[in-house]
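Residue numbers (my numbering), protein chains in the order written: chain D, 1 to 139; chain U, 1 to 139; chain V, 1 to 139.
By construction, these hints were calculated from the structure, which means they are not laboratory data.
Calculated from the model, a selection of chain D residues having no Cβ within reach of chain V, i.e. all distances over 10 angstroms:
(1) S29
(2) T61
(3) R69
Simulated restraints on C-beta separations:
(4) V/M1 / D/D58: 37 to 47 angstroms
(5) U/T82 / D/E73: 28 to 38 angstroms
(6) D/M1 / U/Q131: 21 to 31 angstroms
(7) D/E19 / V/R126: 37 to 47 angstroms
(8) V/T21 / D/P85: 24 to 34 angstroms
Some chain V residues judged to face chain D by a derived CB distance under 8 angstroms, without partners named:
(9) D56
(10) D62
(11) G65
(12) G102
(13) G138
No experiment lies behind these values; they were computed from the predicted model shown. Glycine included, C-beta positions come from ideal geometry on N, C-alpha and C.
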Amino acid sequence: MQQLLDTIDIGTGGQGLYEVTDAVTGFVSRSGVSRGLLTAYVRHTSCSLLIQENADPDVQTDLMGFFRRLVPEGMDWLVHTTEGPDDMPAHVKASLTQTSIGIPVVDGQPVFGTWQGLYLFEHRRRPHRRQIVLHIIGE
Amino acid sequence: MQQLLDTIDIGTGGQGLYEVTDAVTGFVSRSGVSRGLLTAYVRHTSCSLLIQENADPDVQTDLMGFFRRLVPEGMDWLVHTTEGPDDMPAHVKASLTQTSIGIPVVDGQPVFGTWQGLYLFEHRRRPHRRQIVLHIIGE
Amino acid sequence: MQQLLDTIDIGTGGQGLYEVTDAVTGFVSRSGVSRGLLTAYVRHTSCSLLIQENADPDVQTDLMGFFRRLVPEGMDWLVHTTEGPDDMPAHVKASLTQTSIGIPVVDGQPVFGTWQGLYLFEHRRRPHRRQIVLHIIGE
Numbered sequence: 001m002q003q004l005l006d007t008i009d010i011g012t013g014g015q016g017l018y019e020v021t022d023a024v025t026g027f028v029s030r031s032g033v034s035r036g037l038l039t040a041y042v043r044h045t046s047c048s049l050l051i052q053e054n055a056d057p058d059v060q061t062d063l064m065g066f067f068r069r070l071v072p073e074g075m076d077w078l079v080h081t082t083e084g085p086d087d088m089p090a091h092v093k094a095s096l097t098q099t100s101i102g103i104p105v106v107d108g109q110p111v112f113g114t115w116q117g118l119y120l121f122e123h124r125r126r127p128h129r130r131q132i133v134l135h136i137i138g139e
Numbered sequence: 001m002q003q004l005l006d007t008i009d010i011g012t013g014g015q016g017l018y019e020v021t022d023a024v025t026g027f028v029s030r031s032g033v034s035r036g037l038l039t040a041y042v043r044h045t046s047c048s049l050l051i052q053e054n055a056d057p058d059v060q061t062d063l064m065g066f067f068r069r070l071v072p073e074g075m076d077w078l079v080h081t082t083e084g085p086d087d088m089p090a091h092v093k094a095s096l097t098q099t100s101i102g103i104p105v106v107d108g109q110p111v112f113g114t115w116q117g118l119y120l121f122e123h124r125r126r127p128h129r130r131q132i133v134l135h136i137i138g139e
Numbered sequence: 001m002q003q004l005l006d007t008i009d010i011g012t013g014g015q016g017l018y019e020v021t022d023a024v025t026g027f028v029s030r031s032g033v034s035r036g037l038l039t040a041y042v043r044h045t046s047c048s049l050l051i052q053e054n055a056d057p058d059v060q061t062d063l064m065g066f067f068r069r070l071v072p073e074g075m076d077w078l079v080h081t082t083e084g085p086d087d088m089p090a091h092v093k094a095s096l097t098q099t100s101i102g103i104p105v106v107d108g109q110p111v112f113g114t115w116q117g118l119y120l121f122e123h124r125r126r127p128h129r130r131q132i133v134l135h136i137i138g139e
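Just chain D, same shape as in the assembly:
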C-alpha cells in the first residue's frame, strides 16, 4: 500500500467553473497506484469543488445562473460585508457545494462517469490563487 500527495495551484479570473479533471488524472497516473482512493480537497472557504457535466458548456452557464439567483449579492440582512458584496455570498455558495471529494481509482484512473468532470467552483469576482490538495492511497 502506498500514498502520494500533491497540490494543484490555480489562478482564477472571476466567478466560474475551472476544470481540473486532467490535472487530477495526471496525478493519479504519476502515482503509479492502480487501485485505490483519490481525495481532492480545496483549502479555501469562498470557492469549492464540484463534479458536474463536462459535455455541454450550457450546463455550467445554468449552474452559475442558479447559484447567483439562490445567493444574490445585496441581501440586506448580511452583516459580514467588509470584504466586498461578493464575499459572503461566496461563503454561502461554498457551504452548499463541496470542500472535499473522494473518488475510487480503478486501472490507474479515477472512476469518473462518461459525462463527469471535476471543477474548482470560484465564487469570488476578483482573481485569486487557489490550492487543491490531492491525496491518493492504494496499490
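Given the structure of chain D, go ahead and fit chains U and V onto it with the hints provided.
Same frame as chain D, but now just chains U and V:
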C-alpha cells in the same frame, strides 16, 4: 491493509430516494474488512447520494418537495434545455447534494447512526441505469 | 500503513456552528500519522458538518441567517411535522451540507487552509448529544 472495489447497478423509475444501505453493508461484510474506510461514489451528474433518515418515509416526501420547490422545472432563464425540462434542474439538485460519501467502518459495519440510511437520489423523471462505485480500505 | 478511530461527543445547545477543529487536530496528532487521510463523519440526519471561515464570527451569523431563510420553519406543505417545527427543516439543511468530509494530512496536520475551521452544524433548537466519528489512515 487490504482493499476491495465493487459496483452497484440500480434501475431507477423516476424521481425519488432509492435506499442502498443494505447493498453497502453487504459489500463491507463481504470485504472481510473489520476497521477501515468505505467510499461510495456515483458516476452521474443528474442523480446524487444522500444520507438521510430511513425511519419515517414522510421525511423523503418532504425532501423531494423541498428540492422540487427550490429547483423547479420551467425556470425561464435556463439555456440547457435540449435534454428535457427535468434535466438542468437535475444537474442543480445533484450539485446541492453529494457525489461521494466516505464512511468509517468499525467491527465490520459502516458507522451509520441509528436513523441513517444511504440513498441514491434520482433527479430524472424517466427510468435510468445508475452506477455507484464502492471502495473499502482497511484491515 | 496504520489506522486509528475515535469518536467526538458534543453537547449542542441549540442551532449554531460548533467548532471541532482542535479536537480533530488533536486526534491526528495522537494517531502518530504524519501523511495520510482523515475522515470526519457525523452519525445524525438533523445536524451536519461544514468547513467554513473561522476568522470573523459574522460569517457564521450570516450562514445561519441564509439557511434559516432558505429553509424556514412553517412551510405549510410539510408532512413530517410530528417531531416539531424545526425537525424537517433540520433534515433539509443537513441534506444541503455535509455528512462526511475527507481531509489529507501532511506533516501530522490536516491541510486546513489559513481561514478554514471544521464545524458541527446543529440544526435543532433543543439540546442534543452528537457524535462525530474520526478515522485516519496513513503512515
